[in-house]
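**Student:** Residue numbers (this note's numbering), protein chains in the order written: chain A, 22 to 530; chain B, 287 to 586.
Bear in mind the hints are in silico, worked out from the structure with no lab data behind them.
Take these hints with a grain of salt, some might be off.
Here's a subset of chain A near chain B, in silico, CB distances under 7 Å, partners left out [to be verified]:
{"hint": "1", "residue": "Arg45"}
{"hint": "2", "residue": "Trp53"}
{"hint": "3", "residue": "Glu149"}
{"hint": "4", "residue": "Lys375"}
Calculated pairs, PhoX-like style, for lysine-lysine (alpha carbon to alpha carbon, straight line, at most 25 Å) [unchecked claim]:
{"hint": "5", "chain 1": "B", "residue 1": "Lys316", "chain 2": "B", "residue 2": "Lys527"}
{"hint": "6", "chain 1": "B", "residue 1": "Lys312", "chain 2": "A", "residue 2": "Lys375"}
{"hint": "7", "chain 1": "B", "residue 1": "Lys527", "chain 2": "B", "residue 2": "Lys487"}
{"hint": "8", "chain 1": "B", "residue 1": "Lys527", "chain 2": "A", "residue 2": "Lys375"}
{"hint": "9", "chain 1": "A", "residue 1": "Lys390", "chain 2": "A", "residue 2": "Lys361"}
{"hint": "10", "chain 1": "A", "residue 1": "Lys375", "chain 2": "B", "residue 2": "Lys567"}
{"hint": "11", "chain 1": "B", "residue 1": "Lys487", "chain 2": "B", "residue 2": "Lys316"}
{"hint": "12", "chain 1": "A", "residue 1": "Lys507", "chain 2": "A", "residue 2": "Lys496"}
{"hint": "13", "chain 1": "A", "residue 1": "Lys186", "chain 2": "A", "residue 2": "Lys302"}
{"hint": "14", "chain 1": "A", "residue 1": "Lys457", "chain 2": "A", "residue 2": "Lys404"}
{"hint": "15", "chain 1": "A", "residue 1": "Lys375", "chain 2": "B", "residue 2": "Lys305"}
{"hint": "16", "chain 1": "B", "residue 1": "Lys316", "chain 2": "A", "residue 2": "Lys375"}
{"hint": "17", "chain 1": "A", "residue 1": "Lys485", "chain 2": "A", "residue 2": "Lys496"}
{"hint": "18", "chain 1": "A", "residue 1": "Lys457", "chain 2": "A", "residue 2": "Lys496"}
{"hint": "19", "chain 1": "B", "residue 1": "Lys347", "chain 2": "B", "residue 2": "Lys527"}
{"hint": "20", "chain 1": "B", "residue 1": "Lys312", "chain 2": "B", "residue 2": "Lys527"}
{"hint": "21", "chain 1": "B", "residue 1": "Lys305", "chain 2": "A", "residue 2": "Lys361"}
{"hint": "22", "chain 1": "B", "residue 1": "Lys567", "chain 2": "B", "residue 2": "Lys316"}
{"hint": "23", "chain 1": "A", "residue 1": "Lys485", "chain 2": "A", "residue 2": "Lys507"}
{"hint": "24", "chain 1": "B", "residue 1": "Lys305", "chain 2": "A", "residue 2": "Lys496"}
{"hint": "25", "chain 1": "B", "residue 1": "Lys347", "chain 2": "B", "residue 2": "Lys567"}
Pulled from the structure, derived: some chain A residues nowhere near chain B, Cβ distances all over 10 Å [what the hints assert, rightly or not]:
{"hint": "26", "residue": "Gly50"}
{"hint": "27", "residue": "Ala324"}
{"hint": "28", "residue": "Pro451"}
This structure is a prediction, so every number in the text was calculated from the model and none was measured.
C-beta: ideal position from N, C-alpha, C; glycine also.
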Amino acid sequence: MKNRASPRKSAPRSAATPRKPSPRELIFGGLWDYDPAPETADPRIDSRYGLFIGGRFVPPRHNKYFASISPGSERQLSEVAEAGSEDVDAAYRAARRALAGEWGRMAAAERGKVLFRIARLLQDRSREFAVAESLDGGKPIRESRDFDVPLAAAHFFYHAGWADKLDLLAPGCAARPCGVVGQVIPWNFPLLMLAWKLAPALAAGNTVVLKPAETTPLTALKFCSILQEAELPPGVVNMVTGAGATGATVVAHPLASKIAFTGSTGVGKAILRQLAGSGKKLTLELGGKAANIVFEDAPMDQAVEGIINGIFFNQGHVCCAGSRLLVQESIAPEMILRLKRRISTLRVGDPLDKNTDIGAINSKAQLAKIRRLVAAGVAEGAKLHQPSCRLPQRGFYFPPTLFSGVEQSHRIAREEIFGPVLSVLTFRTPEEAIEKANNTTYGLSAGVWTQKGSRILLMASRLKAGVVWANTYNKFDPSAPFGGYKESGFGREGGRQGLLEYCHLQPMP
Amino acid sequence: MKSRYGTVDAVGVSERVAKFAMRSIKGVSKTWGLRKVVSMMDLTTLEGKDTPGKVAALCRKAITPHVEMDLPHVAAACVYPAMVTYARTCLTGSPVRVASVATAFPAGQSPWRLRIEEVRRALAQGADEIDMVINRGAFLCGEGGRVQEEIATVAEVCGSATLKVILEVSELETLDNIRAASFLAMEVLRPGDFIKTSTGKTSSNATLETHQVMIEAIRDYFLATGVPVGMKPAGGIRTAKQSLQFLVAVKETLGDAWLVPTRYRFGASSLLNDVLRQLEKERVGAYPASYGFSESESAY
Numbered sequence: 022m023k024n025r026a027s028p029r030k031s032a033p034r035s036a037a038t039p040r041k042p043s044p045r046e047l048i049f050g051g052l053w054d055y056d057p058a059p060e061t062a063d064p065r066i067d068s069r070y071g072l073f074i075g076g077r078f079v080p081p082r083h084n085k086y087f088a089s090i091s092p093g094s095e096r097q098l099s100e101v102a103e104a105g106s107e108d109v110d111a112a113y114r115a116a117r118r119a120l121a122g123e124w125g126r127m128a129a130a131e132r133g134k135v136l137f138r139i140a141r142l143l144q145d146r147s148r149e150f151a152v153a154e155s156l157d158g159g160k161p162i163r164e165s166r167d168f169d170v171p172l173a174a175a176h177f178f179y180h181a182g183w184a185d186k187l188d189l190l191a192p193g194c195a196a197r198p199c200g201v202v203g204q205v206i207p208w209n210f211p212l213l214m215l216a217w218k219l220a221p222a223l224a225a226g227n228t229v230v231l232k233p234a235e236t237t238p239l240t241a242l243k244f245c246s247i248l249q250e251a252e253l254p255p256g257v258v259n260m261v262t263g264a265g266a267t268g269a270t271v272v273a274h275p276l277a278s279k280i281a282f283t284g285s286t287g288v289g290k291a292i293l294r295q296l297a298g299s300g301k302k303l304t305l306e307l308g309g310k311a312a313n314i315v316f317e318d319a320p321m322d323q324a325v326e327g328i329i330n331g332i333f334f335n336q337g338h339v340c341c342a343g344s345r346l347l348v349q350e351s352i353a354p355e356m357i358l359r360l361k362r363r364i365s366t367l368r369v370g371d372p373l374d375k376n377t378d379i380g381a382i383n384s385k386a387q388l389a390k391i392r393r394l395v396a397a398g399v400a401e402g403a404k405l406h407q408p409s410c411r412l413p414q415r416g417f418y419f420p421p422t423l424f425s426g427v428e429q430s431h432r433i434a435r436e437e438i439f440g441p442v443l444s445v446l447t448f449r450t451p452e453e454a455i456e457k458a459n460n461t462t463y464g465l466s467a468g469v470w471t472q473k474g475s476r477i478l479l480m481a482s483r484l485k486a487g488v489v490w491a492n493t494y495n496k497f498d499p500s501a502p503f504g505g506y507k508e509s510g511f512g513r514e515g516g517r518q519g520l521l522e523y524c525h526l527q528p529m530p
Numbered sequence: 287m288k289s290r291y292g293t294v295d296a297v298g299v300s301e302r303v304a305k306f307a308m309r310s311i312k313g314v315s316k317t318w319g320l321r322k323v324v325s326m327m328d329l330t331t332l333e334g335k336d337t338p339g340k341v342a343a344l345c346r347k348a349i350t351p352h353v354e355m356d357l358p359h360v361a362a363a364c365v366y367p368a369m370v371t372y373a374r375t376c377l378t379g380s381p382v383r384v385a386s387v388a389t390a391f392p393a394g395q396s397p398w399r400l401r402i403e404e405v406r407r408a409l410a411q412g413a414d415e416i417d418m419v420i421n422r423g424a425f426l427c428g429e430g431g432r433v434q435e436e437i438a439t440v441a442e443v444c445g446s447a448t449l450k451v452i453l454e455v456s457e458l459e460t461l462d463n464i465r466a467a468s469f470l471a472m473e474v475l476r477p478g479d480f481i482k483t484s485t486g487k488t489s490s491n492a493t494l495e496t497h498q499v500m501i502e503a504i505r506d507y508f509l510a511t512g513v514p515v516g517m518k519p520a521g522g523i524r525t526a527k528q529s530l531q532f533l534v535a536v537k538e539t540l541g542d543a544w545l546v547p548t549r550y551r552f553g554a555s556s557l558l559n560d561v562l563r564q565l566e567k568e569r570v571g572a573y574p575a576s577y578g579f580s581e582s583e584s585a586y
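Just chain A, same shape as in the assembly (with noise of 0.2 Å):
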């Protein structure tokens, strides 16, 4: 417990007597502060919220209700409707129904229609979602407006494309949809996992039953006034909201012919044993430790802006994130010092200000999990650096977090901390970093930094990672697989291989 006290601890400063910088470090004080700049679109959200099911909100069996909260300022956004088994069976119902009826007989380009009008009124809604994501979950406006809502539209048009061409998704097979699909999504990126699952479900012409994530639920919730506006017919797309126990509900339904998750390791490997034996089509898209493999050869500014991109995106909440920096020893502590000074810049606060590069965390209880696994990175004896930047009182905030001094055994380095935190190793070699970055249970992405394109070749063949960025990170595209190795889960989101995932091929004579 050596290394417990935080640069803000150690460091006491009275008004009397400032800390002069040294001559040759830069300031980055308060000289030229920036006015708050809150997006002020009105979200328009309810005050209660019931269950999507054939085409129309319903109250709950139960009539159980549970509270939404922002997770910037711990303030009440909404009521949401807790799903009992008698809600899920009802939304299941539905889904069946809508499969045999005016859907499952529409011409594949009118499907192709619906979806495309779906992509095209997200578009037009996109201010009032973005605030909604932001207030909902907690992430910068600038990442819901630049990044989820129209990520989110391009999954709907780049499907719309593919709904009446399934006949090419695979030479001498016809593609026909699975059936009804039971689809669970998590809290990081609410709209846009729902994108990446509703888009592929319904260019195939399968029935869905989605359950959000009980921290965010607000924006497929309101996205499901755009399902209505674009004509998707009654019961094609259910809501379902609820905690864990209504996601059990959803994944264990019999009428469920594919299941497709993304979440925890823990919950996936659960579900993975619950369908044993069931014929039920599963995807899992679970947790990352992603290595971010820094060569001295690389430019450095331009990595240092990877490596901050790549962890403190969205608060660190990325199953992606590229949690684990190695770096070439010869260049590790410039590259420490570079990161340090970079993350003093980052201006931490209200997820609704233009200029905040990280919001909130999602909730009360990652917060908990973040500061306990930081705790445990302390207490194993790697060193900690946090910028001494001011958080607000109110909601749920933590500091962007470096470690340097971390070892491959160390909590830090193996488990997902979910959150902005960074756990920096060393390698000497590009064998050395190989082995290293594959040495995790996970295997969902990583990042290569080098001018040699050569090496950049060698490494992405040699990586176990469902996908490598070179010299970039976090790049997505509705047309890219994405997806993992090992405990990160198994099938595809996006592109042909995705769309692929929600079909049962039959050979054509």
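Dock chain B against chain A, hints included.
**Tutor:** Okay, now just chain B, sitting in the frame of chain A:
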């Protein structure tokens, strides 16, 4: 030469600067920023049709950017060597400095003796600051040492005058070249001298990308040696909004110590009027009429 100073990835730089352009600068911070921009301006006229009268008007505007607004004077008036004597007459007794381009601006393709002689003449006629161009021909054919020697000699001739070294980034083309040229210059500059993006006479001028590479070079050089070199983007910065984006990049890359006219300048001619227009809007609450401020580059 390039690997010695490190490399730059162009895609990464574009992503970095896009974030600066996204900062929302409103209210008090906007006014503060724009007043700062005024005080950092090298108000410039570099035209074949420059006359003593035009230079005099420019100098009056430099001292008093707007008669009704309580504004700082600009940092300097920047003119061709032949106009230095008129600018000196107008600005003597004022805190506005006289800056002159020299060394056969903009191409620099004159014999070395003539280029250095031009610097001496401009200084003799009263220039406080010299904006020189580097020898891009020498740089691109691999003679970095010659480029550096020439800069060192001009710096020596400058004496107590401030030197600004124009890299002409559009002709160096790659960001790796720009970083290397920045270091070549800084290694022979004195604290308080500047590196500068462009002449304003080629097809592309200061961009947030090229600016970023240069201020990161300034930062790295300062952290390594303790020598603070100034920065001057020039050409192509025409709107108040653009100027604030450059200033945001400086604040978040070099920090507070560079938010002063002794370490940061804008080389611009038409920018000042747009800044004044925005300041007037902040002051009065509404945009002034379109004829209130000229958008012409040559109207002062």
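**Student:** Could you tell me which of the numbered hints above are not met by this structure, giving the numbers in increasing order?
**Tutor:** 3, 11, 26, 27
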